[in-house]
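Residue numbers (the numbering used here), protein chains in the order written: chain L, 1 to 380; chain C, 1 to 380; chain U, 1 to 380; chain G, 1 to 380.
It cannot be assumed that every hint is accurate.
What the hints assert, rightly or not - Calculated from the model, a selection of chain C residues having no Cβ within reach of chain U, i.e. all distances over 10 Å:
no., residue
1, Ile-27
2, Ser-33
3, Leu-182
4, Thr-315
Said to hold, decoys possible - Listed next, the stretches of chain U that the computed footprint assigns to chain G, with coverage defined by at least 3 CB atoms under 8 Å from CB atoms of chain G:
no., segment
5, 118 to 125
6, 260 to 273
Note that these hints are calculated values from the structure, not bench results. C-beta: ideal position from N, C-alpha, C; glycine also.
Protein chains: 4
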Amino acid sequence: MGAPTFKELRRSYGFDEVAIVPGEVTINPDMTSTEFNIGHHAFDVPVLASAMDAVVSPTFATRMHEAGGLGVLNLEGVYTRYEDPYSVLEEILSAPQSEATGLLQRVYSSPIKDDLIGRCISQMNNGTVRAVSVTPQNTKRLSPMAVEAGADIVVVQSTVTTARHMSRSYRGLIFSELRHNLKVPVVVGNCVTYGVALELMETGIDGLLVGVGPGAACTTREVTGVGVPQVTATLECAAARQEYFKRTGRYVSVITDGGIRTGGDLCKSIAAGADAVMLGTPFAQAEEAPGQGFNWGMANPHPELPRGTRIRVGTKGPLKNILFGPTSVTDGTQNLVGALRVAMGMCGAMTIRDLHKADMVVAPSIKTEGKRAQMVQARD
Amino acid sequence: MGAPTFKELRRSYGFDEVAIVPGEVTINPDMTSTEFNIGHHAFDVPVLASAMDAVVSPTFATRMHEAGGLGVLNLEGVYTRYEDPYSVLEEILSAPQSEATGLLQRVYSSPIKDDLIGRCISQMNNGTVRAVSVTPQNTKRLSPMAVEAGADIVVVQSTVTTARHMSRSYRGLIFSELRHNLKVPVVVGNCVTYGVALELMETGIDGLLVGVGPGAACTTREVTGVGVPQVTATLECAAARQEYFKRTGRYVSVITDGGIRTGGDLCKSIAAGADAVMLGTPFAQAEEAPGQGFNWGMANPHPELPRGTRIRVGTKGPLKNILFGPTSVTDGTQNLVGALRVAMGMCGAMTIRDLHKADMVVAPSIKTEGKRAQMVQARD
Amino acid sequence: MGAPTFKELRRSYGFDEVAIVPGEVTINPDMTSTEFNIGHHAFDVPVLASAMDAVVSPTFATRMHEAGGLGVLNLEGVYTRYEDPYSVLEEILSAPQSEATGLLQRVYSSPIKDDLIGRCISQMNNGTVRAVSVTPQNTKRLSPMAVEAGADIVVVQSTVTTARHMSRSYRGLIFSELRHNLKVPVVVGNCVTYGVALELMETGIDGLLVGVGPGAACTTREVTGVGVPQVTATLECAAARQEYFKRTGRYVSVITDGGIRTGGDLCKSIAAGADAVMLGTPFAQAEEAPGQGFNWGMANPHPELPRGTRIRVGTKGPLKNILFGPTSVTDGTQNLVGALRVAMGMCGAMTIRDLHKADMVVAPSIKTEGKRAQMVQARD
Amino acid sequence: MGAPTFKELRRSYGFDEVAIVPGEVTINPDMTSTEFNIGHHAFDVPVLASAMDAVVSPTFATRMHEAGGLGVLNLEGVYTRYEDPYSVLEEILSAPQSEATGLLQRVYSSPIKDDLIGRCISQMNNGTVRAVSVTPQNTKRLSPMAVEAGADIVVVQSTVTTARHMSRSYRGLIFSELRHNLKVPVVVGNCVTYGVALELMETGIDGLLVGVGPGAACTTREVTGVGVPQVTATLECAAARQEYFKRTGRYVSVITDGGIRTGGDLCKSIAAGADAVMLGTPFAQAEEAPGQGFNWGMANPHPELPRGTRIRVGTKGPLKNILFGPTSVTDGTQNLVGALRVAMGMCGAMTIRDLHKADMVVAPSIKTEGKRAQMVQARD
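Okay, chain L solo, but in the shape it has when bound (with noise of 0.2 Å):
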């Protein structure tokens, strides 16, 4: 017992080992708003699409609008690389999946064209809030050319960000002044830990993405051996925030990106403290999605360690369905609005603010036999 040790190993959790406990009080799920802000913009739906390519595109940034959420879309992706992306998008779709990685190495070592830049972010319809996303290295040089076209939010992402990074090749992006130049509501990611969070707010950014090698099955996390859970990790950020905000007044929203699959994830996220979720594969699977049925990394973020390989997911439903149903579905990938209101409803909460005051307990996901599942949910 108590053998001496090197370091103390507190535990965390994943969607699968936790439950939102229900509430003292119920109200009926009309009665519930989704509302989230980023910076000044508000939207109804507290969900994001990710800047992926086969997810967003400047025609699916403004259905997310229309739909009361928000599509990011990559400024390092096919969109600002080549003159006529969808022959590419095409290309890469229909290639044998033996040569398929190969190809998206080559398609994303086409360098970054400044000129088309704007002419995608003027693709997003008007009113639409344009958000685009770029790396920490290119964010001085392709944020403010952005702006410049019009986007309404700039989201600098990388595998994990801090407010303090060392570069021989590049000066470290100090956030706060690109937060004061670029005059938008910035999101900064990802991030996984209260010290990083709060770090990370002090310098005025407006939304904060969490994620960091979610899952066990997630490449990060296989191949490095880093991560943490996304309850934990949405824990430990939201109560950077609750603390920024005591601090300081100002309301940085809590974003919690990667590992979410269905609408018992999203609201889990958001009982943990999350603002809003960001979704990647679920909105590929949409009709509208450039991916048509597929997904991919995109650029290699790291240079030494290249991934990227395109997977089928299949083609679910049109957007509107996934985010509000009908559905016939009984797995949960559908109506996720839908779901996280009847969810507000059996929890008493009448805002996304109030959801985050839910118990949540530890309850893993022992498998059982299919039998039991299909017992159970023939009742429940």
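Using the hints, position chains C, U and G against chain L.
Leaving out everything else, chains C, U and G in the frame of chain L:
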């Protein structure tokens, strides 16, 4: 260690994670009594059949009474919506699987006919304790009619029920008024926490149904993330019952509802503090069940989140064998009352309330290879 | 957090959740002694064969004695019910699977014949320590006859045994009287808790069988929910033995019975405090076993809950190989005593009681893909 | 609760149960150094190849040196038992699977020839750090010959090694004498606990191999129940190294050996306190490996418990790709050093010892369906 977190999560337990510890005294099973009460009604068998159309018809309720238990008739199913419910059942049973969900949605959108309420209650034999189930929305309208027509027990049931529900479309149910007006025992559910259980008991109700999203695989938990595993839910509600009993001297029966598949699950529910259990699919598998080997979810409790699939559960044998054996199957799905008596014997429990005193341990069902399972089975 | 709960659940552990920690000293396996005692009888090999008809015949008991262990003959099986037990065994072995359960129920409803008791005891060779097993109901009648006929050890065994059993049909066994009257060592079981173990030891018995519902997959636990994983059960009963030894100076052997499949399980039992283990199926797989590759549960211990199926377990090799090797299988099912000696060596344990001092850790068997398992196997 | 128990069990953790937490600072991977030392020898790559005949031949050791790591040659394998080891390897590789185990037992019962020791050491190229492995029984005889013949590092390795071994057949090794006599760095293993690690370091050794029964599926743990999961074992031995360093100022390298399959496992080992790792099968999968796609356990470490099977592990690519990429596989089995650099970057660690400071969390790999795994993979 100890990074700031947004909220603490407590551990919860489901059936597959616990076991009952044998007692310091053992007794012969033939010395045990399994009696329990709802209000002034006493039952020899602490098992209720769920208010599902595939499980409880008026005839099945009579059979349950004869067996010593209680079948609850759903007042919002086919028996009160159709003059000829049996031809509707036949239609559901014979539909191709691909059309079943759509058909169920149509079947349950037909209106409830007030004049059929009396008819189906009267179809339960004389002497049968007649229990009927209604949803909170329809309770004020339907329950007085039901009592008028001879209902002995009224069950008010929805996915999550609290003593304080807020709705735009109808004034919340005041359970204390309801209980006072109906003058028959009222059972309310479902709930899973100490606080809600205590508040509901304070309204004067006679029984409490426990269970929200009981299993990791159940639809409510998959879709909305909401749920508490049944052992923990039962432990909390039983604690509320003890507290309420200590304060008032009135004993409110706690009934674990959902996720119970085997005699082992039943015994664990009672050891966790339940006075009885409510079962769906195990009775849908009875030869006498109207579902004839099928089961399905009922009218949609949440209009924004449609559910309901028809599932083949098979027919396992006559109701009496399921409750009392004899049986040659060793998977725990038959002879449920025999199993309870044996468990009581091993724990030295003469009564249900004695079994409440049994110790329990956390003992997860780690999956082992089929071979090991088989080897142990041969011996034990 | 800290919601009121009906009872606290402590954590318990099974074989697949723990591992033994190597010691601060190591010794060569050839310097270890695996001796243990039941009363005044000493055994070189701390392994008993279960009192099952498919495992221990009079001949097999003789073989176990020659190997240094102990085979327990069931006095309520075919050997005392039939003049020609071997033709009955042949009938069981050759029955089609669909008829096996029914046949077993018939075979074991034939009455025990007093005159066969002496015969089957005398069939164990001269010099063999003759151990026989009886159920509590029949102990007063059968055990004096058995001792009269030459039994050296009497095992009184049922699923759960306590020092205080209540029954309508027979006066509870008083183990202190029994021990006094029989004048041979008495082993009693099964039990799993400190309190019961201590009470049983106080009656003067010489050995204690540990194990109720040992595995998640075992029938007792699936059907009744009752059971305690074997590591925790053994730890508690061993604590009782130490307490009893401290008080009285008398050492009662603790024998872990049930769920042991590999050398690893055997070693963990002893590290958890057992002095020996009792095995069923591993011996049913011996070439010498009367079950010839089959095993089955015996006469139904609970008349209300019939059990007993015939299972093909296969034949793995001669008894000596199972106990001592040599073996080319690496799954831990052969050379059980060799495995124990190696484990003792790695823990620096010269004797069984030295191994009791080994540290253990909780180290769950998380299922990993076959590939990883295979890769590690190649190396270690 | 709190029933008396025979001993307390502390929780231990394996690779699949933990994850590394990103740091408060991030750095570019190209700014990291992965150097480590054994005695006065420095290595750019903190990876050793296991002393297995299918992994390290004299040629392979040279290749490992060229790559910046260290290959350890087994002095008790085919290279010192046979004049023509390559024809013996060929025989092993071409044997039918059913005859492989028997063949291996014969191959490794041929005696070690002293005159071959010098030859195989001299076959490692000039400039290569020549490391050889011996078992404790043969250390006194073989290690001086090896040093004489040019060995630069001696590894003394058995399943479990302590500073105090007792044997009838040979006088225990005194590591302090050995280290003094050999005058080259000595690495000893394997061990898994703080106390043994500290005692071994106090003998003056230069490196410590960590790992006994590392995985639930490994033979040692399945057969004998003995083992400690690698993360916990590494944490304890690293704590001993820190304590010893604090006392003496001498830094003994800790090398995690066994169960490492992916870059993630490697990074977790180092985050847990290891200075380097030792790998078997991942190198058996190199094109340059003598096993040509096979691996097998070596001469039996415990005469009473024979082991050793030949397993097909496949060939994955050239050694350089396994260590440094490029790779198109995303399962973490290639580009191990690239993965380490990326992990160091995410944790803000410039050196191996910086990575020792990273936080870790308990984050079990709960098995989820293939679909979820696939979905996450597409995104992250």
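Status of each hint after checking the structure:
1. Ile-27: violated (4 Å)
2. Ser-33: The claim holds: Ser-33(C) sits with its nearest Cβ about 13 Å from chain U, beyond 10 Å.
3. Leu-182: Non-interface label stands for Leu-182(C): nearest chain U Cβ at 29 Å, farther than 10 Å.
4. Thr-315: Check passes; 19 Å lies beyond 10 Å.
5. 118 to 125: Violated - the segment 118 to 125 of chain U has 0 residues with a Cβ nearer than 8 Å to chain G, which falls short of three.
6. 260 to 273: holds (count 10)
Of the numbered hints listed earlier, those contradicted by the structure are 1 and 5.
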